[in-house]
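Peer 1: So the protein sequences, as listed, match chains A and B.
For the first sequence, our numbering gives the first residue as 1, with consecutive numbering after it.
For the second sequence, our numbering gives the first residue as 116, with consecutive numbering after it.
Read the hints as simulated data drawn from the structure, not as lab findings.
Since we're looking at a predicted model, the values are computed, not measured.
Heads up, the beta-carbon is just placed ideally off N, CA and C, and yes, glycines get one too.
Wrong hints could be hidden among the right ones.
[Said to hold, decoys possible] Label-pair distances were calculated between CB atoms; the ranges are: (1) B:221 x A:113: 43 to 51 Å; (2) B:125 x A:60: 27 to 35 Å; (3) B:188 x A:5: 29 to 37 Å.
[Stated by the list, open to error] Listed next, the stretches of chain A that the computed footprint assigns to chain B, with coverage defined by at least 3 CB atoms under 8 Å from CB atoms of chain B: (4) 15 to 27; (5) 31 to 42; (6) 102 to 113.
[Said to hold, decoys possible] Keeping only pairs whose Cα atoms sit at most 27 Å apart, straight-line, the calculated DSSO-like set for lysine-lysine is: (7) B:169 x A:57; (8) B:183 x B:169; (9) B:211 x A:57; (10) B:211 x B:169.
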Amino acid sequence: KAGVTQTPRYLIKTRGQQVTLSCSPISGHRSVSWYQQTPGQGLQFLFEYFSETQRNKGNFPGRFSGRQFSNSRSEMNVSTLELGDSALYLCASSFSHRGPYNEQFFGPGTRLTVL
Amino acid sequence: KNEVEQSPQNLTAQEGEFITINCSYSVGISALHWLQQHPGGGIVSLFMLSSGKKKHGRLIATINIQEKHSSLHITASHPRDSAVYICAVDLGATNKLIFGTGTLLAVQP
Numbered sequence: 001k002a003g004v005t006q007t008p009r010y011l012i013k014t015r016g017q018q019v020t021l022s023c024s025p026i027s028g029h030r031s032v033s034w035y036q037q038t039p040g041q042g043l044q045f046l047f048e049y050f051s052e053t054q055r056n057k058g059n060f061p062g063r064f065s066g067r068q069f070s071n072s073r074s075e076m077n078v079s080t081l082e083l084g085d086s087a088l089y090l091c092a093s094s095f096s097h098r099g100p101y102n103e104q105f106f107g108p109g110t111r112l113t114v115l
Numbered sequence: 116k117n118e119v120e121q122s123p124q125n126l127t128a129q130e131g132e133f134i135t136i137n138c139s140y141s142v143g144i145s146a147l148h149w150l151q152q153h154p155g156g157g158i159v160s161l162f163m164l165s166s167g168k169k170k171h172g173r174l175i176a177t178i179n180i181q182e183k184h185s186s187l188h189i190t191a192s193h194p195r196d197s198a199v200y201i202c203a204v205d206l207g208a209t210n211k212l213i214f215g216t217g218t219l220l221a222v223q224p
């Protein structure tokens, strides 16, 4: 079974631009979570989608948004990029969000650099 | 104060040594995850546990819910174990993980 895939793997943007990152979960997984990793703040939760609905959102500004499609693939969008948005963006998928079924499997990440 | 604390932050060991990494948390949780991250970024889930103990190869994870504490043990450590080990907690079947700051482990041959 293929793992979690993320595209693109690397991205360079300039301040003020917007960016869209994509995540394809493991087949059969319905939950996708997004995380931001920076040297200063470490790993932080962005949001989680389950069955096309955003269930949880972390403490990030409204410039960060996401969505999930009917095939469970998810995208996240960052508008009006700032230098501080430079980070590794990771997505993780799990079968569900309950009980023993929410072990998360991580993708390789998208490294975003904002110049 | 962080909700998830790990210790030590950095650890250097000689090949073959027994290694312990600790994680303490201050909130009620439904599960605790141990993750491994190699240079380059990729994260691998090692364990998810809500009670007791789990073992996988040379890795052992334990959790004490009453004391809000978990440990990750590596037996017979090897240079390929060198990585950052991250503890993360799930507050309540939410998939919203809160992460510790990680432990950078270097195993020298």
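Peer 1: If any of the earlier hints don't hold here, list their numbers in rising order.
Peer 2: 1, 4 and 7
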